[in-house]
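Heads up: the sequence lines are chains A and B, in that order. Following the numbering used here, the numbering of the first sequence begins with 54 at its first residue and continues without gaps. Following the numbering used here, the numbering of the second sequence begins with 3 at its first residue and continues without gaps.
A couple of the hints might just be wrong.
[Stated by the list, open to error] Now the stretches of chain B that chain A is said to cover, found in silico as 3 or more residues with beta-carbon under 8 Å: (1) 59 to 71; (2) 107 to 118; (3) 151 to 161; (4) 180 to 192; (5) 196 to 210.
Simulated from the structure, these hints should not be mistaken for lab results. Glycine included, every Cβ here is placed at the ideal spot set by N, Cα and C.
Residue-level listing of the chains:
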Amino acid sequence: MIEQAGLERIHAAGLRLLDEVGVVVLDPDALALLAARGAAVEGQRVRLDERLVAAALATAPPGYTVAGRRAERDLRVGGGESVLAGASGPAFIIDRAGRRHGTLADVRDAVALTHLSRTVDVYGQAIGALDVPDERRPQAIAWACTTGTDKPWRVDVTTELELQVACDVAEIVYGADWHERPRLWVVINSTSPLQLSAEAGRALLRLARLGQPVCLAVCAMAGTTGPRTLAGLLAVQHAELLTGLVLTQLARPGCPFLYGATSSLASMRTGALLMGVPEYWALVEAAVALGHWLGLPVRAGGALTDAHLADAQAGVESALALEATLRAGADFVLHAAGILSSFNSFSPTKFVIDDELAGALRTARRPLVVDDETLALDALGAVGPGGTLLGHDHTRRHARAAASSSLMCRETYEVWLAAGGDDLAARAWRRVDELLAAYQPPDDLDPVIRRQLKEYCLE
Amino acid sequence: MTEELYSQMAQAVIDGEDDTAAELAQKGLDAGLPAADILDKGFVKGIEEVGDLFGRGEFFLPELVQGAEAMKAAVAVLQPALDASKEGRKATGIAVAGTVAGDIHEIGKTIVCSMLSAAGFEVTDVGCDVAPEAFVAKVKEVKPDLLLLSALLTTTMPNQQKTIEALKAEGLRDSVKVMIGGAPTTRAWADEIGADGYAEDAIEAVAAAKGLLGVA
C-alpha cells in the first residue's frame, strides 16, 4: 500500500524537518547532549543533521529481548511474533454501570485478566487507579502488577516519582544489577508537532543510560497537531521519532529503541482523536514498513475503536485494526486487548473478546503445513468417492486441532435460542466473571523479595 | 456602497482571509463608519454565518479557526476606535483559557478558544504549562467572566484543583466562573474540585460557557 519510493520520500521529509524546522526539546540535559554532539541549538530548538541520524541508525538494534521474571517470561521484540500488550493508559473503565474513573480494585481485576489471557504477553496498564493519592499511586500499581501476575508489565514514567518507583521496584525484584539486561517496558510520548516535553526527555535519557528499551510513541493528529494528509502526518511522526532515536543512541549507543507510531486522524468537527478510522490501519502498515526499512523494531496498531461499548462497531474496527497490525508485522502492539473510546476507556468484556480475536488472527496467519500427513491421500484413497472421512483415523487424529471458542456462537439457531439467545457482550460478561472467580495470583515471587516490595509499596 | 463593504467584511471572515479583513476594517474606519457598526454589521455577520455553517455540518474546524483569526485581525484594527467610543465591544463574554501547570498539550484548549471567539467571546489564551499563580495574575488583569482550565494527563489534573484553590486564596473565586476540560476529566471531577462547568468537547464547551453566563 506504500511503495518504496514513498517511504524514501517520507524519510527524506523527516530529515528535512529536522534540519530546517527543528524540534523543541524542553529537558536541559537532553538539549545539552544534542548540542555537545554537534546539533544546532538555538534556545530550546534543536536542528539535527542527517549524519546524527545515520549514526544513530547504525547503532540501534533491529531487535532485543526483555528479560522477564523467569526465562519463560523473556520476550523477544523484533524479527518474530508480535508481542502483545493490553490496553494502556485509560483513566476510565466502562462496565455494567457505565463509565467511571478507574480504581485500584479495577487494576487488580485487569491484571488478573491479563494473567489468564492466552494471547496478551504484557500488562499494559489497562486502567488508572484514581482512588489512590498521587504520591502513593505508582507504588500501589507496582504492588498490584508484581503480585498479580508473573507476566511483564508496562511501567509509567511520566513523573519523577513514577520514574524513581520504576527503578526502585526493578532493583527490589531483580537485584542491584537489574539494568544489565533490558527489563522495563516503557512508552514515552512526544508532543506533536515537533516537541519533546521536559518529562519525556528526562525519562528517555535516564532509561537509555540504564540500557532500558525506550519506545517513543508519537500521536500526531491529522489536521490539528500534524498535517491532514497522511504522508505529511507520517513525516512529522518520523521526525519526532528520529529525534528520540538520536537521543537514545547518544545517551547509550546500542540502546534498544522502539519506533512508536500511533498518529491518526483528528475529527474535523470536534478535534478529538479518532483511532477506529480506516486511515489508521493504513498508517500502521506504512509506519511498520518505514521502521523496518530503517532497521528499527516498530510499535504500532492494536485492537482500536472509537466505540464506547463492546458492540459491532468495536468488533469491526478492532478486528480490522488488529488484522492490519499483525499482517504488517508490528513488533510490539499496545492496546491489543480491552480498549474502547479511542485511547480513553478500558472494558473487561472487550478484553476477553479481543483475546479471542488475537487468537483467531494468529490461527488464521499460521503457515499452511503441506506434507504427506496433511495432504491425507491415504485417507481419501481408503474412503473413496462418495464416502465419509468422519470415521477415519486421520480425522480423529486431527479433529481437536482447530481452536475452540466458548465466546463465539457456533451453535445452530434453535440451540442458541433455547440457551438464551444472547449476544457476544453477554457471553463476554459471563467469561469475565468466570475468569475473575477462578483467578489465582502467581506465587513465584521469592518471599524475601515479596516482603521488601510490600514494605516499599504499601508502607 | 456601505452595504457592499459590510458584505465584503462578512465574506472575509467566511473565507478566513485575515489580511483582507484587516484591510477592510481600516477601509471602513477611513470611510468614517463607526467602529461598533463595522464590527456588528460587517465582521460579526460573517462569524455568525460561519457558526451557522458549522452547525449545519457544512463548515468544519479549519473554517472556524480561520474565521476566528480573521475576526481577530479585524478587531485588532478596530480596537483603538472601539476603546475610544462609549459602547466598546459587546462581547458575549470575556474568557481566559490555558493548559495547567506541567502539561504542554494545547490543541484541545486552542480549539475551544477558537470556537468561543467564533461565538463572540473575547478570549485571552495564556498558553500551556501555566502555574496557578499565573492564572491568578491574568484573572486580576483581565477580569474575565470565565476561566477555562485544560489538562490532558491524570498527573496534571490536580493542578486544575490547585488553580481553583489559588483563586480562593486571593479572594477571586467568586469573581469568575471556572470551567474545566481535557480527556481524563469528568463532570464528577469538576464537581469535586468546585468548578462551575465542564464540557467533553469544544462544541459542548461553547454551550456550557453561554449557559454559565446566562446568554443565548
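Original post:
Looking at the structure, which of the earlier hints fail to hold?
Top reply: Failing hints: none at all.
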